[in-house]
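*Asks:* With chain B's structure known, arrange chain U on it following the hints.
Residue numbers (full-length UniProt numbering), protein chains in the order written: chain B, 1 to 258; chain U, 1 to 246.
Think of the hints as simulated: they come from the structure by calculation, not from any bench.
Among the clues, some could well be false.
[What the hints assert, rightly or not] When the alpha-carbon atoms are kept at most 30 Å apart in a straight line, the in silico DSS-like pairs for lysine-lysine are as follows:
(1) B:Lys126 / B:Lys86
(2) B:Lys127 / U:Lys245
(3) B:Lys120 / B:Lys108
(4) B:Lys172 / B:Lys79
(5) B:Lys127 / U:Lys241
(6) U:Lys241 / U:Lys186
(7) B:Lys172 / B:Lys148
(8) U:Lys245 / B:Lys123
(9) U:Lys245 / B:Lys132
(10) B:Lys120 / U:Lys245
(11) B:Lys126 / B:Lys148
(12) U:Lys241 / B:Lys148
(13) U:Lys240 / B:Lys148
(14) B:Lys127 / B:Lys86
(15) U:Lys245 / B:Lys126
(16) B:Lys79 / B:Lys132
(17) U:Lys245 / B:Lys108
(18) B:Lys108 / U:Lys240
(19) B:Lys172 / B:Lys108
(20) U:Lys241 / B:Lys108
(21) B:Lys148 / U:Lys245
(22) B:Lys132 / B:Lys172
(23) B:Lys79 / B:Lys21
(24) B:Lys120 / U:Lys241
(25) B:Lys108 / B:Lys126
(26) B:Lys126 / U:Lys241
(27) B:Lys120 / B:Lys86
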Amino acid sequence: MTEVSVAKDAVAATEDLVVLKSVNKHFGALHVLQDIDLTIARGEVVVVIGPSGSGKSTLCRTINRLETIDSGDITIDGKPLPDEGKALARLRADVGMVFQSFNLFAHKTVLENVMLGQIKVRKADKKAAEEKARGLLDRVGVGTQADKYPAQLSGGQQQRVAIARALAMDPKVMLFDEPTSALDPEMINEVLEVMQQLASDGMTMIVVTHEMGFARSAANRVVFMADGRIVEEAVPDQFFSNPRSDRAKDFLSKILHH
Amino acid sequence: MSGPPVRRPRGRRTRASPHAEAREIVFDFLQGYDLLGAFWMTVKLTVLSAVGSLIWGTMLAGMRVGPVPLMRGFGTAYVNIVRNIPLTVIILFTSLGLDQTLRVSLGSDQVDTVNFRLAVLGLIAYTSAFVCEALRSGINTVPVGQAEAARAIGLNFTQVLTLVVLPQAFRSVVGPLTNVLIALTKNTTVAAAIGVAEAATLMKSMIENEAQLIAISAVFAFGFMCLTLPTGLLLGWVGKKVAVKR
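Same shape as in the complex, but just chain B:
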């Protein structure tokens, strides 16, 4: 049932960037990811939604191996996910990640946060790293905060810095794990606008979120997860106006009508 809707978008896509094949993961007795098959094309924006505990964050975290998987295959840009060590670190540098709780390095200034990876992982020289960091901070609208510490910034500003920190590595794909869930309502938009901009610039993005507005406007595809399974995949319009599975209908009726 999913192939039809995916095929529409696949016309624009050139090749598959992230491929998950029959991925399984357990947390003890809980089968948190059950036979997940998911393919994300270069330049595609995929939004993953679903009720709490459905495994969407876990799915997101397996893609840069912050969570290991029990079985199945994950390939990024044609290469299978390395097990440990240098190869894994190299791969992670190519996969940007933005967390729900920002996770900025509290002992470093905003600027240093964005420079650290460039210098230590990409081996950029300090001057070039700073220039790039300032450029990125301007791009996400927090250029004037460069010399402050994370604790001095609002949540929305911190999250935008976190996006800049991930972008500084020139990632092939960006993972967003509920990037606006820890934010005050009035700060959600400033972060979503940055993400929207990023999407229209052609960044490949996998976004776990509860922001249905963002899913509608920025996503190429919506993936609906429940109980560790991908229940439905569709283009946003089709998913929101005419969900096919009962589980999705139930979920949408709960979040859209009040």
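*Replies:* Quick look at chain U alone, frame taken from chain B:
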């Protein structure tokens, strides 16, 4: 302390001259002893052991939080064994075991130097177990998410530890580490057991030769407080200054 007071230009000081005589009577038990030299030895023991145990303790903490099971096991075993052995036994072992049985003389053939180095070694071995545990509690104050974020930008384990986790861990354990340092300062007195000429060794010989037992104890207690009180105050200030705001 000797001879009649020299005439001084100011009235206040000349008035104080009778006290000089009193001082001479009260403190004459100090004469002929190298008090400063003994405390200087204490300071040397403390500083070298502090630096050494900070380094070795940090490495132990790194092992204990690391991904390699063998190193984790070693770190855990080391801490649990070493911190549960009395320091006196460790110090005696360095002398009786390492030096006299195994002939480990740490690059010197002079008895004083060998004993000094052995004492530093023993103090480092012992104190680093406590440094490790203080530091590990500091590591636990750093949110897991920060280590994840550091891994997510491609830093390897050592980089995550040294660039992100440890700098924040250290800042949060300045207080506990100050305790360890003060304990270390006082623990250096155990080096007397293998004849290092530090404060406690001198105190022992003074107690044998002089009558003013309480005064002698008071002088040494005061000497140690002169070392540890400023340390505590200074590091208390440093701890506040470097604290990470969250």
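*Asks:* Against each hint, give a clear statement of whether it holds in the structure.
*Replies:* Outcome of the hint check:
1. With a C-alpha separation of about 23 Å, the suggested pairing of lysine 126 of chain B with lysine 86 of chain B holds against the 30 Å cut-off.
2. Proposed proximity of lysine 127 of chain B and lysine 245 of chain U is supported: the alpha carbons are some 27 Å apart, at most 30 Å.
3. Pair hint lysine 120 of chain B plus lysine 108 of chain B holds up; C-alpha atoms about 14 Å apart against a cutoff of 30 Å.
4. A distance of roughly 13 Å separates the Cα atoms of lysine 172 of chain B and lysine 79 of chain B; the hinted pair therefore holds under the 30 Å criterion.
5. Taken as a hint, the lysine 127 of chain B and lysine 241 of chain U pair is honoured in the structure, with Cα atoms around 29 Å apart against an allowance of 30 Å.
6. Taken as a hint, the lysine 241 of chain U and lysine 186 of chain U pair is honoured in the structure, with Cα atoms around 26 Å apart against an allowance of 30 Å.
7. Simply put, lysine 172 of chain B and lysine 148 of chain B have alpha-carbon atoms about 29 Å apart, close enough for the 30 Å limit, and the pair holds.
8. Distance check on the hinted pair: lysine 245 of chain U and lysine 123 of chain B sit about 29 Å apart at the alpha-carbon level, within 30 Å; holds.
9. Taking the CA atoms of lysine 245 of chain U and lysine 132 of chain B, the gap is about 26 Å. The hint holds against a cut of 30 Å.
10. Between lysine 120 of chain B and lysine 245 of chain U, the direct Cα distance comes to roughly 24 Å. Compliance with the 30 Å bound is thereby established for this hinted pair.
11. For the given pair, lysine 126 of chain B sits about 19 Å from lysine 148 of chain B by alpha-carbon distance, which is consistent with the 30 Å threshold.
12. Between lysine 241 of chain U and lysine 148 of chain B, the direct Cα distance comes to roughly 16 Å. Compliance with the 30 Å bound is thereby established for this hinted pair.
13. Taking the CA atoms of lysine 240 of chain U and lysine 148 of chain B, the gap is about 19 Å. The hint holds against a cut of 30 Å.
14. Restraint check for lysine 127 of chain B and lysine 86 of chain B: the C-alpha separation of about 26 Å stays at or below 30 Å, so the hint holds.
15. Taking the CA atoms of lysine 245 of chain U and lysine 126 of chain B, the gap is near 26 Å; set against the 30 Å cutoff, the hint holds.
16. For the hint pairing lysine 79 of chain B with lysine 132 of chain B, the CA-to-CA distance comes to about 28 Å; that is within 30 Å, so the pair holds.
17. With a CA separation close to 11 Å, the supplied pair lysine 245 of chain U and lysine 108 of chain B stays within the 30 Å bound.
18. Distance check on the hinted pair: lysine 108 of chain B and lysine 240 of chain U sit about 17 Å apart at the alpha-carbon level, within 30 Å; holds.
19. Under the criterion of a C-alpha separation no larger than 30 Å, the hint pairing lysine 172 of chain B with lysine 108 of chain B is consistent with the structure, at around 26 Å.
20. Distance restraint check for lysine 241 of chain U and lysine 108 of chain B: the Cα-Cα separation of roughly 15 Å lies within the 30 Å cut-off, and the hinted pair is therefore satisfied.
21. Of the pairs offered as hints, the one joining lysine 148 of chain B and lysine 245 of chain U holds, with about 12 Å between alpha carbons and a cut-off of 30 Å not exceeded.
22. With a C-alpha separation of about 17 Å, the suggested pair lysine 132 of chain B and lysine 172 of chain B falls inside the 30 Å cut-off, and the hint holds.
23. For the hint pairing lysine 79 of chain B with lysine 21 of chain B, the CA-to-CA distance comes to about 13 Å; that is within 30 Å, so the pair holds.
24. Between the alpha carbons of lysine 120 of chain B and lysine 241 of chain U the distance comes to roughly 27 Å, so the proposed pair stays at or under 30 Å and holds.
25. For the hint linking lysine 108 of chain B to lysine 126 of chain B, the alpha-carbon distance of about 15 Å falls within 30 Å, and the restraint holds.
26. Under the criterion of a C-alpha separation no larger than 30 Å, the hint pairing lysine 126 of chain B with lysine 241 of chain U is consistent with the structure, at around 27 Å.
27. At most 30 Å may separate the alpha-carbon atoms for a hinted pair to count; lysine 120 of chain B and lysine 86 of chain B meet this at roughly 13 Å.
Comparing the model with each numbered hint stated earlier shows that all of them hold.
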